[in-house]
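Please put together the full structure from these sequences, using the hints given.
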Amino acid sequence: MKFLFSGITIRVTKKVIESNFVVALLANSKMESAAYSQSAAAAVHSSFREVFDQYSWDEVSERIYSKTEADVIGALENAGNASINDFMALVSPVALKYVEEMAQRSHRITRKRFGNVIQMYIPLYLSNECQNICTYCGFSFDNRIERLTLNEDQALREVEAIKAMGYDHILLVTGEANRTVGVDYLEKMVKLIRPQFSGIMIEVQPLEQHEYERLIEAGVSSVLVYQETYHEENYRIYHTKGKKSNFHYRLDTPDRIGRAGAHRIGLGALLGLEDWRVDSFFTALHLDYLEKTYWKTKYSISFPRLRPAVGCQQPNHPMSDKELVQLICAWRIFNENLELSLSTRESQQFRNHAVKLGITSISAGSKTNPGEYANHFHALEQFEVSDGRSPREVADMISSHGYEPVWKDWDKVF
Amino acid sequence: MKDLTIANTNFHSRLLLGSGKFSSNQIMAEAIEASGTQLVTVAMKRVDVSKNESDIGNFLRRLNVQLLPNTSGARNAKEAILAAELGREALETNWMKLEIHPDPRYLLPDPVETLSAAIELVKRGFIVLPYLHADPVLCKKLEDAGTAAVMPLGSPIGSNKGLQTRSMLEIIIRESKIPVIVDAGIGAPSHAAEALEMGADAVLVNTAIAVAEDPVTMGRAFRLAVEAGRMAFESKLGAVSPFAEASSPLTAFLD
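Residue numbers (the working numbering), protein chains in the order written: chain A, 1 to 414; chain B, 1 to 255.
Simulated pairs of lysine-lysine, DSS-like, Cα-Cα distance not exceeding 30 angstroms:
hint : chain 1 : residue 1 : chain 2 : residue 2
1    : B       : LYS2      : B       : LYS161
2    : A       : LYS412    : B       : LYS123
3    : B       : LYS78     : B       : LYS177
4    : A       : LYS112    : A       : LYS97
5    : B       : LYS161    : A       : LYS112
6    : A       : LYS412    : B       : LYS78
7    : A       : LYS188    : B       : LYS78
8    : A       : LYS298    : B       : LYS78
9    : B       : LYS161    : A       : LYS298
10   : B       : LYS161    : A       : LYS292
11   : A       : LYS292    : B       : LYS78
12   : A       : LYS356    : B       : LYS161
13   : A       : LYS412    : A       : LYS292
14   : B       : LYS78     : A       : LYS191
15   : B       : LYS140    : B       : LYS177
No lab work stands behind these hints: they were computed from the structure.
Structure representation (structure tokens):
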């Protein structure tokens with residue numbers, strides 16, 4: 001694939017994407033106007049894989065590492081209208097020198113687009129059962145610890161505790177255990193809690209399109225799925241057993257979510273597993289494709305930085321605080337409409353500053369083990385929470401920076 | 001200055017304010033007061049119908065302004081109608097700013113869905129103020145459908161680029177029998193003044209005030225600009241002329 005970055009290849013890629021977009025538009029106009037559906041895109045059945053297969057990890061890496069200061073300055077000047085090539089410059093090692101300039105631009109662009117507000121959400125871990133062996137995850141099947149899946153009563157107790165904290169947007173999280181925590185279970189839980197929340201997000205195992213459609217119908221508005229790494233060969237090393245070991249099924253997942261008509265899709269790579277600069281490029285490539293294909297969908301990016309967990313390996317490619325700031329700002333300069341989300345994996349001190357760097361949504365008071373908000377099972381957690389402050393304390397911190405913490409920004413009618 | 005009249009309701013102020021993006025309710029309240037606005041939009045997706053004192057809907061209801069709920073978040077007519085019904089119930093007003101944007105990035109209005117939702121909402125007794133492209137034909141169709149005003153965009157929402165659609169706005173203003181409120185893209189008081197000078201009946205501003213370093217002073221600046229623009233319009237701006245002299249070389253023989 002030596003011709004990979006030649007202008008011709010890139011043009012062809014763009015054409016494929018655009019033609020899908022046009023077909024989707026044309027087909028859409030023929031549809032019943034009231035029904036929200038992206039089935040037009042389904043008819044085309046495009047897949048990110050067609051784009052992905054035109055790139056090689058090593059060549060992308062070489063390109064990022066050969067970026068110069070002039071490239072970075074050019075990318076900064078394109079802020080608000082930056083290309084994927086600019087994104088490469090912004091995540092390159094040489095851009096670290098410009099992290100303050102990047103932060104200032106990111107801050108300005110974010111304020112203009114989103115205003116002085118930060119969206120609040122909280123995860124609810126429904127289950128830590130998992131059939132996958134993933135070398136970096138606390139829920140890994142080979143971790144010999146007691147497993148737990150919440151039943152309806154337990155879940156409602158958790159919900160009561162979460163509502164008491166003031167939350168209206170919730171993220172449901174599970175491992176991958178299709179027999180006990182399959183789509184039937186998820187649908188039941190979504191219906192159970194729907195009356196109490198304006199926004200329901202899920203971060204669960206990859207599903208089929210028709211399964212996503214069921215969950216969206218039941219009340220799910222956002223679906224998060226992280227590729228973990230776009231390094232196809234090494235992906236197999238980290239995911240040795242279980243359905244998750246199928247790289248391509250996971251890679252195609254956002255396409256299935258998009259075709260199912262989710263309001264929002266969340267992407268991310270597990271930062272620290274492989275070189276985050278290259279993984280972030282592929283995430284950007286993925287996002288760019290999805291935005292043009294499923295153009296009615298909103299997108300968010302998360303920054304799960306690998307942290308120590310029980311019985312698991314340490315990050316292969318550790319990412320510094322400064323590099324994480326660089327990455328957050330690079331995303332914002334690349335795309336001003338993205339929601340950028342930061343969890344309690346990050347420290348109190350880092351999060352205090354991050355609200356001004358381009359982040360638009362934040363969790364607080366999170367527990368990453370099922371049943372911990374109200375039932376106090378002290379079950380196995382997925383990762384160690386680093387910022388243990390209460391939602392109220394985090395909201396006060398946000399206000400002190402001149403931002404309004406927003407608890408509700410969606411409604412069941414949509 | 002003449003009052004602005006929408007659906008038989010008079011307003012001294014020709015400035016409408018959006019309530020998003022402010023750093024706190026308190027600053028929003030102060031900016032609203034400084035701007036002199038009497039009509040404030042609020043997104044139904046931000047309003048917590050069920051309860052709670054800190055809720056933006058409850059907060060705004062305590063201020064001395066008329067609320068204009070909007071359907072932001074709706075991607076088609078069906079969702080917009082549901083959001084409108086929610087707004088009527090929660091905020092006890094049948095006024096509704098209709099906005100439908102299927103694309104979440106540029107938030108550009110869907111003309112097809114907007115027209116069909118407007119027809120239905122008028123039937124259901126709403127006072128409908130639709131947000132739309134600066135499309136003169138669509139404006140007339142909405143007027144025929146019975147909307148109380150039209151709200152064409154000056155440039156993409158949040159862009160602060162001013163009246164990029166000026167040529168179309170001129171036609172809309174000239175042809176419309178209902179108030180024309182320029183919405184979206186007004187990034188500076190001078191843009192607002194320009195719209196009023198052209199004869200727009202009012203403007204709606206949000207981002208430019210909410211994210212200013214000093215939203216309260218910026219609110220006041222917009223108030224003055226809107227008043228200045230309107231005064232200029234009412235006192236008839238002199239026509240721009242390429243000729244320096246007033247003589248009439250071709251028709252003087254008639255005198």
